[in-house]
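Student: The listed protein sequences derive, respectively, from chains A and B.
Numbering-wise (the numbering used here), the first sequence opens with residue 1 and increments by one.
Numbering-wise (the numbering used here), the second sequence opens with residue 1 and increments by one.
Just so you know, these hints were derived from the structure itself, not from any lab.
Treat the hints with care, since some could be wrong.
[What the hints assert, rightly or not] Selected chain A positions facing chain B (in silico; Cβ < 7 Å): (1) 75; (2) 107; (3) 169; (4) 176; (5) 374; (6) 378; (7) 419.
Predicted model only: the values in this text are computed from it and were never measured.
From the three backbone atoms N, C-alpha and C, an ideal C-beta is built for every residue, glycine too.
There are 2 protein chains.
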Amino acid sequence: MSAQSKVVLSDNDMPRQWYNIQADLPHPLPPPVGKDGKPIGPDALAPVFPMNLIEQEVSTQRWIDIPEEVIEKLLLWRPSPLYRAHQFEKALGTPAKIYYKNEGVSPAGSHKPNTAIPQAYYNREFGIQRLTTETGAGQWGCALAMACKLFGLICKVYMVRISFDQKPFRKMMMNVWGAECVASPSNLTQAGRAILAKTPDTPGSLAIAISEAIEDAVTSKNTRYSLGSVLNHVLMHQTVVGLEAQKQMKMMGEYPDVVIGCVGGGSNFAGISFPFVCDKIHGKNIKIVAVEPTACPTLTRGPFVYDSGDVAMMTPLLPMYSLGHGFVPQPIHAGGLRYHGMAPLVSHVLREGLIEAVAIPQLECYKSAVLWAHTEGFIPAPETSHAIAAAAREAKQAQEEGKERIILLNWSGHGLMDLTGYEAYMNGKLSDYQLPDNDLQASLKALEGLPVPPKL
Amino acid sequence: MSAQSKVVLSDNDMPRQWYNIQADLPHPLPPPVGKDGKPIGPDALAPVFPMNLIEQEVSTQRWIDIPEEVIEKLLLWRPSPLYRAHQFEKALGTPAKIYYKNEGVSPAGSHKPNTAIPQAYYNREFGIQRLTTETGAGQWGCALAMACKLFGLICKVYMVRISFDQKPFRKMMMNVWGAECVASPSNLTQAGRAILAKTPDTPGSLAIAISEAIEDAVTSKNTRYSLGSVLNHVLMHQTVVGLEAQKQMKMMGEYPDVVIGCVGGGSNFAGISFPFVCDKIHGKNIKIVAVEPTACPTLTRGPFVYDSGDVAMMTPLLPMYSLGHGFVPQPIHAGGLRYHGMAPLVSHVLREGLIEAVAIPQLECYKSAVLWAHTEGFIPAPETSHAIAAAAREAKQAQEEGKERIILLNWSGHGLMDLTGYEAYMNGKLSDYQLPDNDLQASLKALEGLPVPPKL
Numbered sequence: 001m002s003a004q005s006k007v008v009l010s011d012n013d014m015p016r017q018w019y020n021i022q023a024d025l026p027h028p029l030p031p032p033v034g035k036d037g038k039p040i041g042p043d044a045l046a047p048v049f050p051m052n053l054i055e056q057e058v059s060t061q062r063w064i065d066i067p068e069e070v071i072e073k074l075l076l077w078r079p080s081p082l083y084r085a086h087q088f089e090k091a092l093g094t095p096a097k098i099y100y101k102n103e104g105v106s107p108a109g110s111h112k113p114n115t116a117i118p119q120a121y122y123n124r125e126f127g128i129q130r131l132t133t134e135t136g137a138g139q140w141g142c143a144l145a146m147a148c149k150l151f152g153l154i155c156k157v158y159m160v161r162i163s164f165d166q167k168p169f170r171k172m173m174m175n176v177w178g179a180e181c182v183a184s185p186s187n188l189t190q191a192g193r194a195i196l197a198k199t200p201d202t203p204g205s206l207a208i209a210i211s212e213a214i215e216d217a218v219t220s221k222n223t224r225y226s227l228g229s230v231l232n233h234v235l236m237h238q239t240v241v242g243l244e245a246q247k248q249m250k251m252m253g254e255y256p257d258v259v260i261g262c263v264g265g266g267s268n269f270a271g272i273s274f275p276f277v278c279d280k281i282h283g284k285n286i287k288i289v290a291v292e293p294t295a296c297p298t299l300t301r302g303p304f305v306y307d308s309g310d311v312a313m314m315t316p317l318l319p320m321y322s323l324g325h326g327f328v329p330q331p332i333h334a335g336g337l338r339y340h341g342m343a344p345l346v347s348h349v350l351r352e353g354l355i356e357a358v359a360i361p362q363l364e365c366y367k368s369a370v371l372w373a374h375t376e377g378f379i380p381a382p383e384t385s386h387a388i389a390a391a392a393r394e395a396k397q398a399q400e401e402g403k404e405r406i407i408l409l410n411w412s413g414h415g416l417m418d419l420t421g422y423e424a425y426m427n428g429k430l431s432d433y434q435l436p437d438n439d440l441q442a443s444l445k446a447l448e449g450l451p452v453p454p455k456l
Numbered sequence: 001m002s003a004q005s006k007v008v009l010s011d012n013d014m015p016r017q018w019y020n021i022q023a024d025l026p027h028p029l030p031p032p033v034g035k036d037g038k039p040i041g042p043d044a045l046a047p048v049f050p051m052n053l054i055e056q057e058v059s060t061q062r063w064i065d066i067p068e069e070v071i072e073k074l075l076l077w078r079p080s081p082l083y084r085a086h087q088f089e090k091a092l093g094t095p096a097k098i099y100y101k102n103e104g105v106s107p108a109g110s111h112k113p114n115t116a117i118p119q120a121y122y123n124r125e126f127g128i129q130r131l132t133t134e135t136g137a138g139q140w141g142c143a144l145a146m147a148c149k150l151f152g153l154i155c156k157v158y159m160v161r162i163s164f165d166q167k168p169f170r171k172m173m174m175n176v177w178g179a180e181c182v183a184s185p186s187n188l189t190q191a192g193r194a195i196l197a198k199t200p201d202t203p204g205s206l207a208i209a210i211s212e213a214i215e216d217a218v219t220s221k222n223t224r225y226s227l228g229s230v231l232n233h234v235l236m237h238q239t240v241v242g243l244e245a246q247k248q249m250k251m252m253g254e255y256p257d258v259v260i261g262c263v264g265g266g267s268n269f270a271g272i273s274f275p276f277v278c279d280k281i282h283g284k285n286i287k288i289v290a291v292e293p294t295a296c297p298t299l300t301r302g303p304f305v306y307d308s309g310d311v312a313m314m315t316p317l318l319p320m321y322s323l324g325h326g327f328v329p330q331p332i333h334a335g336g337l338r339y340h341g342m343a344p345l346v347s348h349v350l351r352e353g354l355i356e357a358v359a360i361p362q363l364e365c366y367k368s369a370v371l372w373a374h375t376e377g378f379i380p381a382p383e384t385s386h387a388i389a390a391a392a393r394e395a396k397q398a399q400e401e402g403k404e405r406i407i408l409l410n411w412s413g414h415g416l417m418d419l420t421g422y423e424a425y426m427n428g429k430l431s432d433y434q435l436p437d438n439d440l441q442a443s444l445k446a447l448e449g450l451p452v453p454p455k456l
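This is chain A alone, in the form it adopts within the complex (with noise of 0.2 Å):
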């Protein structure tokens, strides 16, 4: 009999309370701050965002009880499933043993539901009766539409012109779910309007889309913006995957040496170690690794600086490492992980030295996404094809120093909706793509003259 390969749990193994890492800071996360340099207080963000949910962001308490109602929305598909990834091991040769949690069993198919769920949970506690959001590939829109229809929300989705036109089966998903998804820049906001009198065949970007999303929630009865990662709360209501991970590891009677996830604006990454960097910064010997594009090299080329989340700088300063607001990542098929910031959360623990950054080229990922799907059978996604490759090289690592290694990756979403980037690699049609030094330091000039984060 071969040995075991998965771990599964019960409801009732369903975390009750999300991790807030706020509590174990070595040192406290900077404020988000204006353009003068002074903090931004809660009641800034109020035309924004719900008061229970700014409350959230910036609670320093370690755990925050999970709703009751949120749990019963969660466990339409939560926990989910570790596995242990034999086949790949087997085909990698490598002594090291592969787990990984995977998150693509949600009826979205990724982990953005984990924070869909309580967000529309609590502006609808809120009495907020309408939700806007911005999406890129559409991972994002389609996991708040389903939250929203689950609480009876209305959900409106701005979503990226040239992703709208190239993925149509994405808004067809948002649909069902009873979500409006209109391309940006669109006629319906001040911000899109102007956009199409410069430019009216323009392909439209994430921080276009941010602004329609945000102007449109403030501007309308009732309706509060909902963003997809990034800000702490986000990050910390994926600190359920973690936290069912570290169960199901003790299940399997192992403690992960390395912990790996991929990274575009932070909240998968922080959703599985989160809960292993509260063990590092208690004393556990752990390598944590978050990985990104090298196309998209943000923690491990950009400086740590307070820069904008959006490119026309309508949201407060953000203390994070950055490729300069304006940055636009050549086209790769990792949507998820084209963002020129990343989460506070994520850059800080990275200045504190409790994780580790690694940038992998496109094509090593798509042959490990491959191998993957030859061995395990499952088809991931480009994004979480990162995390594959980074499992990859630490396995190969494992085999030249004859050790057996314990890898954890989180396996954050299936791929059967970006077929087309599979196809493109495989007739050769992909290249790889590194960032010229002049170009990220062009980019870098949109920092001037803001304010600088205070040193650790």
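Using the hints provided, position chain B relative to the given structure of chain A.
Tutor: Coordinates of chain B only, in the frame set by chain A:
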């Protein structure tokens, strides 16, 4: 705390044997015959299938061991979870409890890999290096592509041209798993070339694709043909579904009053139901319902006859309910349910009075599927929506009678690759279709002169 919402099983709970209903049939299944009415022996099938699978096809042994290597691959995603559809029940306002077995968690997104894996294994064991098959909507082609890759076989899929053109993502999935997928009719076979010569712009059909795949198999070196439904051994491979469900229902402290599955070729329905049919044969009081579309009412309006599996009559004659081998169903979106015949074993247990059949129109199915997505989150495959609609009817009846009723349905797959059907439904572009009696009678003329199966 809400009532338990799921039962998950560990590796050790996966069945180690398939259940073969042929051991328990009140009357034996009539054999396949030639046009002369004489039984077709195993040897006649040897050019098409490997002998180890032919042995399974004719076996009357009740339990057949699942080989260790097959178990290893099935464990990549099995056992599948059993959920209770609390939120769907609540929306219906029914006192019924609705449980569903989620076969959408497989890498291919449906129940099809349950037989693709053992078929690839037995062919490899028999020394076969290459498999051919046909696929309509693409579920089966994807499952076999994955299974072949896992066992190191070459896989060639003939995909009905209209689906090949309209569903490029299914082809990409097959490519990721290393299979070659060509549009049928192709110029690679005599059968294909003959059709193309007559009708160069034909949209193709499953019957043509079957002819091409069989011709390729019998004329190529070390190659056999693989079928995704209809045959006895295929249905038997699917019984892991029902055997797991029995265990899971027991862990819930329940036994179903009603078991429901949709039927096209019959494998998904047989998978969930045959272990319960066994209980019924041994005295259990249980209702077992096969659900088909009104556009392809094989069980509800077809006669029980000897008919061919394909339009060109290349296959032996099978004892089954059939609409006539020349029947071309309307292009409804549940592509997996568009087959003129029905698995002999499913046909046989209907004739024995052990199961019931019902036909449901397309719009009612989509309506139920959308309600499901709005309450349970998961978007069902169009095929699966037929089982959901039947469960909703049962639940409504329970409500009218004021009775609790325990309903179990096979949630055969997710609909993420079938979103165009939802889009058409939500835009009001779908309609119902009732097969006119004249058309049915015309189609049944193809049966004239064929042998007639024995009475029970």
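Student: Which earlier hints can't be squared with this structure?
Tutor: Nothing - there is no hint that the structure violates, so all of them hold.
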